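*Asks:* Residues per chain, in single letters:
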Amino acid sequence: SSPGTDNRWRHVRRLLERAGPLGGPEFEPDPELFSAIRSDLVQILVVGAGGLGCEMLKDLALSGFVNLHLIDMDTIDLSNLNRQFLFRPKDIGRPKAVVAAEFVERRVSGCRVTPHFGKLEDKPLEFYKQFMCIVCGLDSVQASVIPLIDGGTQGFQGHCRVVRAHATPCLECTADLYSSTQQGFPLCTLAHTPRLPEHCIEFARIMQWPQEWPFGEEVPVDGDDPHHVDWIRTEACKRARQFGIREPDFRLTQGVVKHIIPAVASTNAVISAQCVTEVFKAITGCYPLLNNFANFSDIEGVAVNVVPLERNPQCDVCGQPPPKPLTFNSRDSLQTVINQLKSEHGMTRPSLTACVEGRDVTLYMDLSFLRDQLADNLDKSLAELGLLSNTVLNVTDSAQSGMKPVTFVLNLEDGMET
Amino acid sequence: MTSSAVEAPTDITAQEAELYDRQIRLWGLDAQKRLRASRILMVGATPLTGEIAKNLVLAGIRSLTLMDDSPLSADDIDSSFIYDPSLATAATTRAEAALSALHSLNPMVEVSAKSGQPEQLTADVLANEDYDAVLAISQPVEVLQSLGRLCRSVTYDGEVNSNGAGNNSNSDSSAKQRRQVQFFAADCFGCHGYVFLDLQRHEFATELAEVPPKAGQDSSVDPKTAAVPAAGSQPVETHLIKRSADYADFESVLRTRWDPAKLGSLRRLSPALYLAFLLFEFQRANNGARAGPNDVDALKTLWRAFAESQQLPANLLDEAVLSSGLQPPSCPVLAIVGGVAAQEVIKAVSHKDDPFNNFFVFDGIQSCGSVQTLG
Numbered sequence: 001s002s003p004g005t006d007n008r009w010r011h012v013r014r015l016l017e018r019a020g021p022l023g024g025p026e027f028e029p030d031p032e033l034f035s036a037i038r039s040d041l042v043q044i045l046v047v048g049a050g051g052l053g054c055e056m057l058k059d060l061a062l063s064g065f066v067n068l069h070l071i072d073m074d075t076i077d078l079s080n081l082n083r084q085f086l087f088r089p090k091d092i093g094r095p096k097a098v099v100a101a102e103f104v105e106r107r108v109s110g111c112r113v114t115p116h117f118g119k120l121e122d123k124p125l126e127f128y129k130q131f132m133c134i135v136c137g138l139d140s141v142q143a144s145v146i147p148l149i150d151g152g153t154q155g156f157q158g159h160c161r162v163v164r165a166h167a168t169p170c171l172e173c174t175a176d177l178y179s180s181t182q183q184g185f186p187l188c189t190l191a192h193t194p195r196l197p198e199h200c201i202e203f204a205r206i207m208q209w210p211q212e213w214p215f216g217e218e219v220p221v222d223g224d225d226p227h228h229v230d231w232i233r234t235e236a237c238k239r240a241r242q243f244g245i246r247e248p249d250f251r252l253t254q255g256v257v258k259h260i261i262p263a264v265a266s267t268n269a270v271i272s273a274q275c276v277t278e279v280f281k282a283i284t285g286c287y288p289l290l291n292n293f294a295n296f297s298d299i300e301g302v303a304v305n306v307v308p309l310e311r312n313p314q315c316d317v318c319g320q321p322p323p324k325p326l327t328f329n330s331r332d333s334l335q336t337v338i339n340q341l342k343s344e345h346g347m348t349r350p351s352l353t354a355c356v357e358g359r360d361v362t363l364y365m366d367l368s369f370l371r372d373q374l375a376d377n378l379d380k381s382l383a384e385l386g387l388l389s390n391t392v393l394n395v396t397d398s399a400q401s402g403m404k405p406v407t408f409v410l411n412l413e414d415g416m417e418t
Numbered sequence: 001m002t003s004s005a006v007e008a009p010t011d012i013t014a015q016e017a018e019l020y021d022r023q024i025r026l027w028g029l030d031a032q033k034r035l036r037a038s039r040i041l042m043v044g045a046t047p048l049t050g051e052i053a054k055n056l057v058l059a060g061i062r063s064l065t066l067m068d069d070s071p072l073s074a075d076d077i078d079s080s081f082i083y084d085p086s087l088a089t090a091a092t093t094r095a096e097a098a099l100s101a102l103h104s105l106n107p108m109v110e111v112s113a114k115s116g117q118p119e120q121l122t123a124d125v126l127a128n129e130d131y132d133a134v135l136a137i138s139q140p141v142e143v144l145q146s147l148g149r150l151c152r153s154v155t156y157d158g159e160v161n162s163n164g165a166g167n168n169s170n171s172d173s174s175a176k177q178r179r180q181v182q183f184f185a186a187d188c189f190g191c192h193g194y195v196f197l198d199l200q201r202h203e204f205a206t207e208l209a210e211v212p213p214k215a216g217q218d219s220s221v222d223p224k225t226a227a228v229p230a231a232g233s234q235p236v237e238t239h240l241i242k243r244s245a246d247y248a249d250f251e252s253v254l255r256t257r258w259d260p261a262k263l264g265s266l267r268r269l270s271p272a273l274y275l276a277f278l279l280f281e282f283q284r285a286n287n288g289a290r291a292g293p294n295d296v297d298a299l300k301t302l303w304r305a306f307a308e309s310q311q312l313p314a315n316l317l318d319e320a321v322l323s324s325g326l327q328p329p330s331c332p333v334l335a336i337v338g339g340v341a342a343q344e345v346i347k348a349v350s351h352k353d354d355p356f357n358n359f360f361v362f363d364g365i366q367s368c369g370s371v372q373t374l375g
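So the protein sequences, as listed, match chains B and G. Quick note, the first sequence lines up with residues 1 to 418 if you use UniProt numbering. Quick note, the second sequence lines up with residues 1 to 375 if you use UniProt numbering.
Think of the hints as simulated: they come from the structure by calculation, not from any bench. One or more hints might be untrue.
As the list claims (entries may be wrong) - Derived CB-CB ranges, DEER-like:
no., chain 1, residue 1, chain 2, residue 2, range
1, G, Thr-122, B, Gly-285, 50 to 56 Å
2, B, Lys-129, G, Pro-313, 48 to 54 Å
3, G, Gln-311, B, Gln-130, 54 to 60 Å
Nothing here was measured: the structure is a model prediction, and the numbers come from that model. Each residue gets a CB set at the ideal place from its N, CA and C atoms; glycine is no exception.
The whole structure should be built from the sequences, with the hints applied where relevant.
*Replies:* In structure tokens form, the structure reads like this:
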């Protein structure tokens, strides 16, 4: 139990219990709000337990949240310790999520942190549905209906953005904002007209290594093996001398081979804190969210600015209006659904797929060679087909070529929900 | 306190090279060496101090000395990671309670507590204890004034060698320079915060991108204004150039007159900036006491008088913004201001890259920061 009193949360309570200048137009202060954000209903997922993740976990715990999950697939390395401050030298080799969770639970009484040591992609969709908000330092999570707060840093620069399906651009809409961390040099530059030490390094890694196999046939480059890096550096230096380019040192060589991104604690502190502020606002509703992309840089002086990015109407991922509801009874047949699509939604020969238990299932295809195979489905009830309320249906019309799929969401009146 | 008689070694160890690898790639080895020779004094051991100190200790300075004799309370422990929870019932000071957490973040950094009040610091103390920078955190305005003056009164006559350590010897090398004590002030008020720098005459190195041999082949680079491109974009050859900048002292900044003829631009400034100055006024009128939620009326009266004396419209700062600056700061605000402050200290003591000049304000309502050159 805490050595302090309830006084420790007074700064948080003030934001939630009183009307004031920070409240948005729809915010209703309520003394119950503080205990509500600490109830089981409010679960928050932090993606990544590295430079941003450690800072975010600290900020969330000290902002009063108690049900935190943390997912990360990495173990701790010495070079992490210049900024990932929940880790100590004795933790090297242990999973980041596990160590971070232990630290915060020990230090902030009442806060529960559940670690997940593994990859995002290995978790089923259901895993993500338990969370009221997701905050991450990676850009590999697709937009979902729940608010997603995304932060990223490289060296002295960083961003914090709010993503909400149908309201803001999804991560795919603005993918070109993120400069590639893979230094994709054109091969002709590497082969014929190198100008930079990096070109010489990549030439040695990509072209010379697989020709000479210096450490054995088919033995790949291991950026963590200093002998490998040294070999690449030696070859890169020879090439650099040939072309009158500055010869790379070991650090630069290893950085290029391993695609190392420079990183420092202060930038992570700023970006994480901005993200957690948005999480707090998203959960409590106490103030409108950031609209919607904040940039930070302290290369020269300090610059912070916020831009309202617009959705890309051509976006493959989100360039669609919100799904329209279709209301049926679970005993209705698939044919009933198709009839309604024809009569009320202007479709002639609709084909339907749905996401059932995490897998895409084709329900019916109105194409000559598939009609018969799936004809049995037409008489089955929606319940028999495993369709529940909130199932999303993707519908195309074979009679309109080039048409993008239209999404509908099922609303079953007697219904069990997904 | 140890004197500078023991020089920092000029080369970093292999372990340090690995630990600091990610940041050396950002600011270079020379800057890291200067950082690791820097001695810093922080007056005030508040949660904001904790955020700044965390970033400085992780970055690998030589030593950090905390000065704060106020007794540790149970609330302090719950509000920040920096205080040792096992000292909850011990009769100890905030400075003492922060030492073990800071030490464990980076055992290579010397952390210590220094007893006493800021008024007791003298030029001799600063010089003998060899501080490169003094940070005044959450201090009343009068303390800021006296510390700011104090830092300017200290100059080290001696050679500054390549790792930044002064050694007070009168070597006749042509590299003899006067070393100054850099002064920083920072505080958070409600959902806002400020960071102020006085680096006197500051010399630093910055990287300029080289013009590529064939114009148009790379992304356009203006040789006059080019900064290093964002990490992750195509790399460009750079070379170091030396620059210098002059900073105003805190007194001049405090006496800033807002020019009513420039009302258009004054309106675009964050109201949090005016609030920061209003809170200085309040401290002056109330013996250094911090304004709290119960002081709204007194502050409104003070603001009206302040605005009138400077011929400014009273609506530059409304009651809503005013009250947003009066409660204890939340964790994220401390982290943001602490991150910005720490990075400017790092730039300043390592003499690498451009520190801002001179007053940064974070506006927690707009979630935005801005820098003004005042004084």
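*Asks:* Could you run down the list of hints and mark each one as holding or not?
*Replies:* Hints, one by one, checked against the model:
1. G:Thr-122 <-> B:Gly-285: 50 to 56 Å: Once the Cβ atoms are compared, 53 Å apart, the range 50 to 56 Å for Gly-285 of chain B and Thr-122 of chain G holds.
2. B:Lys-129 <-> G:Pro-313: 48 to 54 Å: holds, 51 Å
3. G:Gln-311 <-> B:Gln-130: 54 to 60 Å: Taking Cβ atoms as reference, Gln-311 of chain G and Gln-130 of chain B lie about 58 Å apart, which means the hint holds.
When each numbered hint is compared with the structure, no violation occurs for any of them.
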